Each structure stands twice: as C-alpha cells, then as structure tokens.
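Here the protein sequences come in this chain order: A and B.
Each residue of the first sequence is one higher than the one before, counting from 1 in my numbering.
Each residue of the second sequence is one higher than the one before, counting from 10001 in my numbering.
I should point out that these hints are in silico values taken from the structure, not numbers from a laboratory.
Keep in mind that a hint or two might mislead.
Said to hold, decoys possible - Sample of chain A residues with no beta-carbon within 10 Å of chain B, all distances over it, derived: (1) Thr10; (2) Val34; (3) Leu54; (4) Asp55; (5) Lys61; (6) Asp74; (7) Thr75; (8) Phe89; (9) Ile121.
Claimed, not checked - The list that follows gives simulated cross-link-like pairs (lysine-lysine, DSS-like), each with its CA atoms no further than 25 Å apart: (10) B/Lys10023 to A/Lys109; (11) A/Lys109 to B/Lys10084; (12) A/Lys113 to B/Lys11004; (13) A/Lys79 to B/Lys11123; (14) B/Lys10885 to B/Lys10853; (15) A/Lys13 to B/Lys11123; (16) A/Lys114 to B/Lys11004; (17) A/Lys39 to A/Lys79; (18) B/Lys11004 to A/Lys170; (19) A/Lys39 to A/Lys186; (20) A/Lys13 to A/Lys79; (21) A/Lys109 to B/Lys11004; (22) A/Lys112 to B/Lys11005; (23) B/Lys10031 to A/Lys170; (24) B/Lys10031 to A/Lys79; (25) B/Lys10023 to A/Lys132; (26) B/Lys10634 to A/Lys113; (27) B/Lys11123 to A/Lys17; (28) B/Lys11004 to A/Lys112; (29) A/Lys79 to B/Lys11005; (30) B/Lys10634 to A/Lys132; (31) A/Lys113 to B/Lys10084; (32) A/Lys170 to B/Lys10084; (33) A/Lys114 to B/Lys11005.
Remember, predicted model here, so these are calculated numbers, not experimental data.
Ideal Cβ positions, reconstructed from N, Cα and C, are used throughout, including at glycine.
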Amino acid sequence: MIKTENLTRTYGKGEGKVVALKGVDLTINDGEMVAIIGKSGSGKSTLLNLIGGLDAPTEGKIFYNDTEIGRMNDTELSKFRLNNVGFVFQFFDLIPELTAEENILLPSKLAKKKENNADSIYSALDISDRIKHYPAELSGGQQQRAAIARAMINSPDVLLCDEPTGNLDKRSGEEVMALLKTLNEKGKTVIIVTHDADIAEQCKRIIEISDGHIV
Amino acid sequence: MERADIKALAESFGKGDKAAFEKLYQEFHEKVYFFIIRIVDSPDTAEDLTSETFTTAFEHISQLKSGESFVGWLYSIAYSKCAKHLKELSRNISNDDLEYLLEAGRLNEPILLPDDYAENEETKEQLKSIIDSLSPDMRAAVIMYYYDEMTIPEVAEALETNENNVSQKLYKARKRIKEKVEKLIGKDGLFAAVPMSAVLENLSDGVWIAAGTALAVGLTTGLNKASGGIGDVLLYITRKYWSKHKKSLAALLFSGVLLCAVVCCAFLLQRAEFSRFLDECYDATGYYSFMWLSDDTEILDAMRTDKTIEGTINVLGKTGKGAIQYEYGYLDDPYSLAHIPFESGRLPEKEGEIAIDRHALDKLGFFGSVGDEITLDTGTYTLVGIIDKDNYGHSRAFSRAADEWVDDTNIYKQSYDNGDVKYIPMIYVSPDSSQTPLYSYTMLDNIREFQNADEVYRYFVDKLGYTGDMSPSLTWKNKSLDAERSYKDEFAGKTRSTTILCIIATLISSLSVIAVMRNIFSEREGSLTMLRKVGMSKRSMRVMFAAEYLILAAFQSALGLGIGASVYFGIYQFQVSVLEELPLSGFTTDTLVTENIASPYLYAAIFSLAVLLSGYLFAAMLSHIRMPHRRNRKAAGLSRCIARAFANRSVTVIQTLALTLICFGTVFGYMLYYTTTGSFDNETGKFIPYVTTKFGDNGMFDFEEDGVEEYYIAYPAQNTELDNLRLSPQTESTCGIDDTTADGLDEAITTGRLTHTFLQYDERQNGLLYGITFGDDDMRKFIYDSSSDEGKAFIDSGKYFYGYKTAVANKAAIEQLEPYVISGKIDIDKLASGEQMIAVLTEDMEVFSSGEKITLGSLYTDNGFGIDKLTTHDTEIGAVVRLNKDAPNILKYAVTTSDRCSLLTTAQGAKALGIGNASYTEIFSRNALPANALPLGTGMEKTSYSIEKHKLFLQNASQIGSMALLVTVMSLLGFAAYFNGIGMKIRLKEYQISVMRAVGTPLKKLRRRLMLDSIRIPVAAAAFTFGGIKLMQRIMKSAYNDRQALWQESRDMADKYSPYFQVESMFNEFMQKMNEYNERMSKIGVDYLLRNQMWFIRFVLPLMIVFGVMCVVTILLTRRSFKMFTPDIASSLSKGRKRQ
C-alpha cells in the first residue's frame, strides 16, 4: 500500500516560488491500476516522482507499507527504487550506449541477482529478437517495451508510468496499455500519469489533480 | 529506408502484399503525421487525417503509376486531406477565426518536428514563427522539400501541381523567410550582428565599440556578398548565440588570449635580455672588441668590402657607451714628474694647458708647435710641451700606462714594437686639482673615429704605412657582426627553447579550445540544422564560421598583445624603478635586437591564431567521428555497462593529452632550469650550479654574515713583467702585483683599513701544472719537447712543482687560524719573508706536512704546451691548517681559494715569493680607499651588495622568467582543458547518470566509479611522460656510450702509439666526434638525462607533483560536479534529456 500524508512540493524561493503539490493525501492499495490525470503543470508528474522516490517532498510523508521513504538517504532510496519500484517514462529513457538487453538487465545486476525472469519477460513483451540492438535501432514502441521490461526485471510491486504512450503512435500506445493491464492483472500496482482521457478510462481508478490538489 | 526499398515495397503493395503496406506504414506514419500537424495544427485532427491518408492510400493503391512516385503520391493524399479539412473549416467559420486558429495552432506545444530541438529557445521560436507564417501550400512545400527531403517532382506530385510551381513556391518561401529575418534584425540593429559586438557590449569604451561596429559592418557586407544576401540571417543567428553564451565566448577566448599574452611577454623579455647583453658588452670592456686571425677570411672580406658597417670603429684608446673614461690616472709622484723628457716646452701649469707626445701629435695630424691651440675630444687646450718620443719610458707611471696602452692596441704594438715607441701619453692639469693631484694623464681616447671598415684599412695603409693584408689582431667594432655571433652563441638556443615551449603551450591551448568548441558545436547544432533545412547552403555556413573565427582571432590577438605588452611594461618598470636597472627594454627599436630576436608581436599573433584554427579544425573533425557500436553476443557486466555508459573517448583523449603535455612541459622546463643554472658532474652525477657571482656562490662566503655592504673591484693593468716572468699578452688576465701595490696593500692591511684582502691565482694560467706534477711519461716528454731550454732545465732538475692556488691574507685573518692548525706553527715573520707558507685544507685530506720543503713556481708558455719561462722560489710548509665545516665562512673566504687545498701567505710574502699571477683583486672595505692602496693604472668600480644582488636576480629572472611564464601558462591552459573535461563529461552524461539513478543506482556508487575513471587519466599521463623520458634517456645514453667508447679507443691507441702526438689523427678524429656529440647534446640541452643514477628522483619529483595535484583536484571536482545531481533526479533527467 502506498500512502501519502500532506504531501507538498514547492520549487524555488521567495517571489519565484512555485507550489507544485499542496498537502496531498492519497492511498493506493496493492494491485490497483490508477490513472493520475490533469492539465500540464497540475502537479501529476511531481506526485509520481515523489511516490517513486525520484524527488524529495518539501513537506509531508510517503509510506510504502508503513515504511516512510521521505526519511531515507540516497543509498537507501536507491535500494528502495531498485527493489520496489519500476519506472516507465514517456521518452523511454534507455541508455543509448547500452543494448536493449543491457538496459533491461541493468537493475538486476545492480541488485546482484543471479537469476531473473528475463527470458519470460522478453517473450511476454515480444522483444526477444530485438534485445541485442541499441535503442537507436529500435522503433518507439520497441523502446517502450524494452523500458517496461527494465521496469519489470526485478519484479517490483509497483509500476510507475509517466505518459507511457505520449511519444507513441496510436497502435503502439494501445499495445503498451494492454501490457500494463496484463501486469496489473498479475497483481502489480500500476500508476499511470497521463493527460489522455482514453488511457485514463482504461484504469480502474482515476485521480485528477488540478493546481496541486486532488480534485 | 532507401528509395529503392521504398519503390520495391510500393510495387509489392501495388500487387496486394499487405506486409509491404505494413512496412510502408511504419516508415511513413510519423512523417505524414508531422507533415499534417504543421498544416492543421491540431494533434487530434492530424491523427485522424493521417489515418485517413493511409486508408485512402490502401484503398487506391491501384492508382499509383509507379513505385518510384510513391512518396509524392502519399503526400498528395495527405495534402488533399488537409486542404479539404481547411476548406471545410473555412466554410463553417469566418476568415478571422481561421487566422486565429492558425495562430493558436502555431503556438501549440509540442510541435514535434524531428529537428526542432534547438537549445536556443529564442532562435527556435523565431524560426518556427517565420516558417509557420507562410501560407499552407508554401509551408507544405518547405516542409516536404527541406524536412522530408523530397525531390521537387515528388513535392509537385504531392501538391498536385507542376514542378515550376513548386520551385516558385520554394523561391517565394525563401524570400519571405529572408524578409522576416531582416525585419527582426532591423529591430535589434543591423550592426550588432557579430560576436565581437557581443563581447564589446560589456566594454564601456566607446572607441572599442566603434571599432567593433566598423568590423561588423564590413563583415555583414562581405558576408552578404559572399552568400547571396543570406549573410544577415547567419549573422543574426551568430550574434544571438554569442550574446546569450558569453561564458562560452569567454572560455573560448581565454586560452588564446592568455597564450598570446605570455608569448608576447616571453619574447619581449628575451629582447630585453638581449638588449642588456649588448649593453653589457659595451660596459664590460668599454668597446666591442674583435680579435681575429689572419686566416679568418670571412671577417677580412667583411672588413674590406662592407661599406655599411654602422657605428664607430675605435682603433686607439678606449671608449665606452655613455661612459667614456678620459682620465687614466694621476701623476703625483715627484720622481716620475721630474723625469718626463720634453722635446720642447714644459709641464702644464694651469687648466687648459697640455703636454703631448710627439707621436700622438703626428697621429692627430697636428703639425703645429708649442703655444698653438689643439682640439681633442676632451676639449681645446694650449700645447705647452711636446714630450720627447725617443726617451719616454723612464717614468714609472708612464711605464705602467704604456703596458695598458700597448695591450689594448695590438695593431700599434705590432707596427711599432720593434722601434722605441710603446706608449703615447699626454699630460694635462687635472680638472679639479684642489681635490686630486695636479696632473692627470690619459691615453688619447677617441683619437679618431672611422665610419666604415674600409676607412680603417685605408688609414692604416696611408697614414701608418701599414703594408700587410689586414692586421692579424685589430681591435675594431662591428656591432651587427658581434650581435650576430652573440646571438648564435648565446641566444639562439634560448629562442629555440622558448619556441619549443610555445609550441607545447599552443598544443595544450588547442586542446582547451577543442573542448570548449565541441560544447559550442553541440549547443549550436540545433539552430544550424534548422538553417540548413530552410535552405542555407553549406558554403554560407562556412563563410559564416570563417568570418566569425577570423574576427575572434583578431580580437583575441589584439587583447593578448595588449595584455602581454602591459605585463611586460610592468616588469620593465619594476626593473628600472625598483631594481635600478638601466632603462633598456624589450620595446627597443635597436635593429641589432629586432633583427636577431623573434618579433614578440608576430609570434604571439601566429601562435594565438594557430590555437583558434587548430582548435576549430580538430573540434570539427571530432564532431564528425562517430564511434561504431560493437556487437556483443552476451550482455556486459555491471561494471562494464557503467563504464560504457560513461565513456566519452574524445574528452578522455583531450584530457590525457593535456595532462601528458603538461607533464612533458613541466619536465622540459625543469630540465631547462637545471641546464641553465648549472651542470652535472659526469662521474658523480652531482649537480653543480654555475657560479653567478664573485661572492658567496661557492659556499665559502656569505656577505650578510658580516654586514659588509660595499666593495670595489679593481681591474689591474693588463700586461706585466715581474722579475723574469713575462705574462702572455694574448691572455686576458695577466696582471701582477708590483712593489708599490704590495707596499700599499701591506700598509692598508697593517693599519686595518682593509678588512679582508686576497689575491687569487688565475686558473687560466695553470694549464701546464697537471702535466708537470701528475702527468704520465708520454705527457712529460711531450711537454719537455715543447719547452724552451730554461723549461727543459727545470724539468730535468726533477723538482716537484707546486701549482696550488695561492691566497694572500692579512695578519688578523691568519691569526684566526690558530685553532685549526693540525701540524706545525704559524709564524707571521717567516710568512712575510717568504721562508714559509701555510697549507690550508678545507677537507679531510693529506697533501702537505709541516716542515716540507717545496718549490713554488709560475710559468709562462708561448706555444701553450711547454714551459718557456718560469720563476721559482724555494720555501717550506710552516703549518698545515684544516678548516672544518664549523669554521666561519668569512675566514674561509679570506684565507683560501676555491680549491680544496691552497697555499697561504701575506702580501709581503707574496712579493718575496714572486707570486705575480693574480687575475684580479677584490678589496673589501666599508670605506673608500686611497688611490695609492690600489694597483696603479687600474680601473676601479664601486658597487654594492644590493646592486650585485639585483643583477643576480635579474640575470636569473631573465634566464628562467620567460620559461617559467610559459610553463605556468601551459599548465594553466592544460589544467583548464582537463578541469573543463571533468565537468563536461558529467554534464554530457547527465542523462545517463539520471537514468541509472532512476533505476536504483546509488549516487555514491556512480561517483566512485567516475572518480576511478578520472584518476586513470593522470595515471596514464604520468606513465606516458615517464615512458617518453625513459625512451629519450635510452637514446641519449646510447650516444653517451658511443662517446665513451670512442674516448677509450683513442686512449688505447694513444698508449699503443706513444708518444702522444704521433696519434694526432686519432686525436683529431676523437675531437671531431666529441664536437659532434657535444653539438648534438647542446641542441637538446638536457644533458643530465644521461645520468641514469639520478634521473629517477629528479624527474619523478615534478611528475609526482603534477600527478598528486591532478588526483586531488580530480576527486574534488568530480565531487563538486556531482552535487548538481542531488537530490532531484527528476529535474536532472529532464535536463539530461534535453542534452541528448
């Protein structure tokens, strides 16, 4: 379970201060598929980054099964991300110098896992024949599938997706959504940030954010 | 996808192959979407229209005429859909609404054009708005032609029109774009369109801005001409970029300006040094003197034919630059005055009267008599006496003066030595006779000046009846020839060393520039690509870059030269005002200096230009190099993955090269410092610094210990006969101590007016001593055969001949030796009578024992090998003294020579023993000395410790100053390139770092990894330098061994074919090889590279320092650079994406 209490995030100081999130209280249960929607600048990506430990809250707390991640130092937080969270980004964010396979296996190597379910993930995502290629040699859809594989490799409980279809054509987007739904059906908690109503509608729960508040 | 592939797929599709359609869809879906969205400005509509386009294409594939025209056909469908959509829209809404919608769509973000990722938001916005403001059909033509790289026939097909129409649309579009850009430029001012202006904006000086503006006008006009009117656009973009990236501009200019300034300053310092050197040539000897042998045809020819020799040729007497000495001395000795023989007239009695020798009058061309007026360089006098030319020499004063006279004018001596004429004095009443003796005498300085060499020759032939070719030893002055020789001997090597350092510094600076330029290129890539897309030609781009960097180079050189000259001016002012040096600067226009020392301004400008151009070329080259990905069968391990993700080969190469060059440069500078300030003992490898002053440097005397501030250097007469000892007139230091001097010194010593006195035996006079005392039989025979009868008799006598340097000290100093006596007893009286001498040892050695009988002698040789004349005196060692380390330096200095063992006596003892070979006398006193306490006929220079120290400082500063400057700047620039590399690597890899962190890599792990990667660079640089030097050492050691082998071979043959001189050919061969070797070594100038046993410590030291500094700085900088990543990974990721 993910729980936030009075989660606030501000950027800058003084007159230039921008409040991205204002006292957000939120609970997401295990196995949920949640869409966070809102206009540009509403704070939805900020919320996702805070939940995933990519950013630190200015105020408030974030709990993962009663463990507060806001108090963790960088090493602890890294370990937390490595084992508990998988990220899928709009721009795929694969390291261009590494092959798809190396990108996918990176978290598993960091976690020093001797065995992984890589092969089954490759076949599930239909990228077995493309894993020896570099990201530049893959299409957008293939890159996003590789990114999902990377997010899945350490079998995290939570998948955090920031506009996962935003940079894809319609068909690839649909494929990615189908994948995420399958993962959710298998018990993973999936949180998707999107501004696309069609995507949001495919989720079990929709949380709308406006001006840093949950509406 | 290639056109042939598209054609093949289209044809397959035409035949009903759905898989082919699938592939074409994948290939063109995004392109068609982007094409449509630029026209309709609504993502949803664009998506719909894209789908419709492909549906239509699928349904109507049979209408496609050929596979080749598929692209145009597809776009024509897309364009039709857009046109239809816009038409429908215009039916439903008013024209104003349509305009509004277009405007709104234009501003919609994101408009995902493939190349639309310029860093410069402003440029991006402006270009985008210009393109978007075109009419839909024009915009479509531009996008298809420039963005999608379709051909004109394809565009024509897509727009359902003909090719002419498309060309016209493109032409109009380009024209419209140009007009729009010009309009924008007009807002900001046309003349501010160059980077120089961006720089000048920060300067308040109106003159500079005006100059920059003028340049900009010229550049704009030139560029417009060269690029067919597109120059304004390019310059606008350029100006916008530079004005927004002032830091990049400063970083780019930093290296070149600094290098230019330092090169300029270094060569100005060299010019000043050369100028001072020339001046010292004047001052040291009073004139430039050239002695040459009759077979030196080069100079003889020059003398005969060169009509352009500038300056003054002084044949007789002395002259000096700005310090002409007319007075040679005073006559207050009644005996001398009473014995001056007059041909007619009398001694002068008042000022303005003069008595002159008959020969002098002849040479002056004066044919008058006593009572006439005579004009000399010193003034106009009444001639009251003519000295008898046949009888002078009877006066003691004149005898001494004559020696000096003859020595300085050998030509005269050669011509008249066989007659009675030896000297040409004149006597006049001293200018201030109340303070000085009544009479002064002089040597007729500047008796005549000649304008060129031919005049000298004619004078000697016509006036002096000289019949020879040209005198074998004529003193003359040819500054340019002397300067040229001095340059070759002294300064060519220094200029070469400086130039080498300049080249190294230039290379390092180039690396720094490459690093900055790569950054600039990547920053500008977006806007430049955009410009290319809208039709700028490559030629226009090149013109822009060439103009841009030429202007930067000119600005950089001007700034660098200004700074360099200003810094040098500061140094010069310090020299003149604080160090009280003569006002001789590197800004001199003296042609001797300017023709022989490289131009500071030209060299600085060339090196500065080279930095920018080579930096630009290499950066451009690097940006084209793409490292191919390697195909790995197996996924790499974690460590390797991280290493690959962070690898940035070009930056690493730049960093490694920079550090290696710094290491080499530092070691090279270190070598130059050592070889400039000393030499290495061949056997022990010990460094022996050159003695740069006459005091203190040998560790025997420290001025500051006793607070003596003033001293005099007395230069004795140049040619002396003492007893039976005639000293060579060809050698410089053949002075002696005569009775008067010895009396005067004794008196001074006795009365305590002289605190410390010593006479130093001249090393240059003892060339034979080793042969007599220590030589082998062959050598002894060789010397014997080369000696006169007197010399042979001496050698036959079998006596030991002691050639130890002899010191003379006063009684007080000798009495202080009592605690250090190890055998015998000091007896002052016996020392004064010459009966005894004291052996003074400075090390634990046994050379003499007290009571030992010795023969002390001085030699003279005509041919340089044997003994022609000698004086000998028997004496004994009264006491042996050992001055240990604890003995006061002042005492050591007073009673010893620089040898480990020397003989000591008093001034009276020296006189009694006939020790006459003192090269010069230094007399230390706090008070001015009376004239009669000094050897008569000597020049005397008053100086002070502080002046000598300043001279020493300047000497060292000028010797190593320019090198130190270059090494410093080199290091600065190299470090700048290196440091920049550390930051750049992290900045460029921000994206990779952020992704790694997002997937769970701790920052600590990444930091440690990058630190380790960075540390490898100093290690590699140190290793390269180490290996390089080791290689050089091996090469040089091999040359050294060759020399040693040759030496051994020569010695073996000499032993075999005794006597020695019979193997002259072998000796000559050996000497030739030695010279070749020495020449080679001197060119490299790092002779101590040969000393294997010590190189380790000496080279490792600077390397370790550089290495240590680098490692520490690397760690600190990496840590610091990493701070920008914490704690917000999300924003780092976003920034990193932009860079990607």
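We went through each hint and held it up to the structure:
1. Thr10: holds (12 Å)
2. Val34: holds (19 Å)
3. Leu54: Violated: least Cβ distance 4 Å, not greater than 10 Å.
4. Asp55: violated (5 Å)
5. Lys61: holds (16 Å)
6. Asp74: The claim is violated: A/Asp74 sits with its nearest Cβ about 5 Å from chain B, within 10 Å.
7. Thr75: violated (4 Å)
8. Phe89: violated (8 Å)
9. Ile121: holds (14 Å)
10. B/Lys10023 to A/Lys109: With Cα atoms ~36 Å apart, B/Lys10023 and A/Lys109 exceed 25 Å; violated.
11. A/Lys109 to B/Lys10084: violated (55 Å)
12. A/Lys113 to B/Lys11004: Measuring from Cα to Cα gives roughly 20 Å; hence the hint holds.
13. A/Lys79 to B/Lys11123: Given that 25 Å is the threshold and the Cα spacing comes to 20 Å, the pair holds.
14. B/Lys10885 to B/Lys10853: violated (28 Å)
15. A/Lys13 to B/Lys11123: holds (19 Å)
16. A/Lys114 to B/Lys11004: holds (23 Å)
17. A/Lys39 to A/Lys79: Violated: A/Lys39 and A/Lys79 sit about 32 Å apart, past 25 Å.
18. B/Lys11004 to A/Lys170: violated (40 Å)
19. A/Lys39 to A/Lys186: violated (30 Å)
20. A/Lys13 to A/Lys79: Not OK: A/Lys13 and A/Lys79 at ~31 Å, beyond 25 Å, violated.
21. A/Lys109 to B/Lys11004: holds (16 Å)
22. A/Lys112 to B/Lys11005: Roughly 14 Å separates the two Cα atoms, so the pair holds.
23. B/Lys10031 to A/Lys170: Since the Cα atoms of B/Lys10031 and A/Lys170 sit roughly 14 Å apart, the hinted pair holds (cutoff 25 Å).
24. B/Lys10031 to A/Lys79: violated (42 Å)
25. B/Lys10023 to A/Lys132: Holds, because 21 Å separates the two Cα atoms, which is no more than 25 Å.
26. B/Lys10634 to A/Lys113: Between B/Lys10634 and A/Lys113 the Cα gap is close to 17 Å, so the pair holds against 25 Å.
27. B/Lys11123 to A/Lys17: Given pair B/Lys11123, A/Lys17 holds - Cα atoms ~22 Å apart, limit 25 Å.
28. B/Lys11004 to A/Lys112: holds (17 Å)
29. A/Lys79 to B/Lys11005: holds (12 Å)
30. B/Lys10634 to A/Lys132: holds (8 Å)
31. A/Lys113 to B/Lys10084: violated (58 Å)
32. A/Lys170 to B/Lys10084: Distance of about 23 Å is within 25 Å: holds.
33. A/Lys114 to B/Lys11005: holds (20 Å)
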